[in-house]
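Novice: Chain residues, written in single-letter form:
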Amino acid sequence: MVITKKEIDRVCSLARLELSSSERDEFTCQIDSILGYVAKINELDTSDILPTSHPIPLTNVMREDEIGESLQIEDVMFNAPDAGRGYFRVPKIIE
Amino acid sequence: MNLEKLTCHEIHNLLKSKEITSLEVTSAVISRIEAKEPDVHAYITTTFDEALEQARIADKEISRGKELSPLTGIPIAIKDNMCTKGIKTTCGSKMLHNFIPPYDAFVIQRLKEAGAIIIGKTNMDEFAMGSSTENSYFGPTRNPWNLNTVPGGSSGGSAAAVAANEAILALGSDTGGSIRQPAALCGVVGFKPTYGRVSRFGLIAFASSLDQIGPITKDVTDCALLLNVICGYDPHDSTSVNRPIPDFTKSLINDISGIKIGIPDEYFIEGVDPEIRHSVEKTISAMEDLGAIRVRVSLPHTEYSVPTYYLIAPAEASSNLARYDGVQYGLRIQKEGLVDMYSHTRTQGFGNEVKRRIMIGTYALSAGYYDAYYLKALKVRTLIKQDFDEAFKKCDVLITPTSPTPAFKIGSKVSDPLSMYLSDIFTISGNLAGIPGVSIPCGQTQDGLPIGLQILAPLFGEERLLQTAYTIEQNINC
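Line order of the protein sequences matches chains A and B. Letter by letter, the first sequence follows residues 233 to 327 of this note's numbering. Letter by letter, the second sequence follows residues 8 to 485 of this note's numbering.
Hints listed in this document are in silico derivations from the structure and should not be mistaken for laboratory results. Treat the hints with caution; some may be incorrect.
[To be verified] Which chain A residues face chain B? A few, computed with CB under 8 Å, are given here: (1) Leu-249; (2) Ser-253; (3) Val-270; (4) Lys-272; (5) Ile-288; (6) Phe-320; (7) Ile-326.
[Said to hold, decoys possible] Far from chain B, by Cβ distances over 10 Å, these chain A residues were calculated: (8) Met-233; (9) Arg-248; (10) Gly-318.
Fair warning: this is a prediction, and the values are worked out from it, not measured in the lab. Beta carbons: idealized from backbone N, C-alpha and C, even for Gly.
Generate the whole structure from the sequences, applying the supplied hints.
Specialist: Here is the structure:
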């Protein structure tokens, strides 16, 4: 096994996902076989190779900090599951 | 005349000569959608009323003698991961089942400026994760060539819509083959431009260093026309490339004499369907008859591209999809505590394939595994990119099959994610290297399923791709 059920639990807690016990078994098994397959890249010696995070050469793109047009507050809040007075409302987090 | 069967450039000529109206074309496409949708299910949302209204406006402008753009009055289908102001944009997910964007994606702004008519939003694998369009919250799309088979994915709705004449043109997005593979399986043209050519502003992110929007069309000419509209620099996308855009229709040249076509050994291997191999070989010979020069090349790290992709893409996805937390838009499952609300929302909002990839990506980026998985994959990405740099020293374009198999049966790979991942074995490297690629029809199997041929070019080699694809289309009876 590349990954254990305990590690799956840790990953789920990091990613804010919850699995039922049968899902936990199924996902562990599938992800184990996927990780076993992708581990193929370890056959390669990459000690002298630089990583590529982007396919084309890019440098930081800067612009002047100018006031531009922006969306109307009511258009932005339109999709909010719960909102009021121009704010997103969430469950209480401070006692 | 069945107007829905025509290409964009054919309709444009008829509109220009006032033989037909945009309203007639749009109505013909709508009737076709109404007839075919119960079988094909290419669309998540249709926008008939707005489309008819836009068609009337286009006709008024035409009758007033306004200069027509090649896309004026032409119905186009949009993959449902591109934001359309006021039109529901779901990304094929329960998480966004009710999301109505307050703005248009860059490509949508461009299409509207060009006078194109949005006819609907097409079905897709949830968050573009999949190769069959079976991972949609809204149910699968069926391949119009054989309704028991998949259309490919993740842009399966767009490819099926064009193949079934339910749209004249379509846009898809390609992260590991999601334009080219469904185009191959549905017998249409699918083009992934160079990374950075088309702005990703308003494209719902899956894997940001790989995602690219592109055309799905009935022929190569339409593909060039659509590229002319969607390519270009956009300051809203920090990876957009500020580089002049040629008139792509100038590359529709019927000539490949002297062009060096590279045939990579690693793409003609065991496991490629024999009928696909035969069709591609036959096309290569026909290209030689037209004066192309066949060159044998090697891309030695090809076997590492799927493993590399399935670390990098999930890693980027796990980060991109962290934003779906039930606060600002989309689904919320109300709970007493904040963290409970997050996890219930995400657990109920995402489907299984999305959860799998979030978990793989979270694992590959987590403390203790980052170097072994994610960083290692980025280094192998360099090797894959270098393979292409070396190969393109010897040839102008590469010719390969697009997909190792024709359209497969619905349900046949759903329970085995790894076998599904291998559907993209020939397209994934192109995304890792950022290079452009196109899939064009190249014959049919004995069962009557389409076969696709892939052409790849170096970074910003779109013009070469179009010229090669156009010459094959005009001369070779596949």
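Novice: The structure should be examined with respect to each hint, and the outcome stated for every one.
Specialist: So, going through the hints one by one against the coordinates:
1. Leu-249: Since chain B brings a Cβ to about 5 Å from A/Leu-249, closer than 8 Å, the hint holds.
2. Ser-253: Because about 14 Å separates A/Ser-253 from the closest Cβ in chain B, which is outside the 8 Å limit, the hint is violated.
3. Val-270: holds, 4 Å
4. Lys-272: holds, 5 Å
5. Ile-288: holds, 5 Å
6. Phe-320: holds, 5 Å
7. Ile-326: Check failed: Cβ of A/Ile-326 comes no nearer than 10 Å to chain B, outside 8 Å.
8. Met-233: holds, 13 Å
9. Arg-248: violated, 4 Å
10. Gly-318: For A/Gly-318, whose nearest Cβ neighbour in chain B is about 13 Å away, the distance exceeds 10 Å, so it holds.
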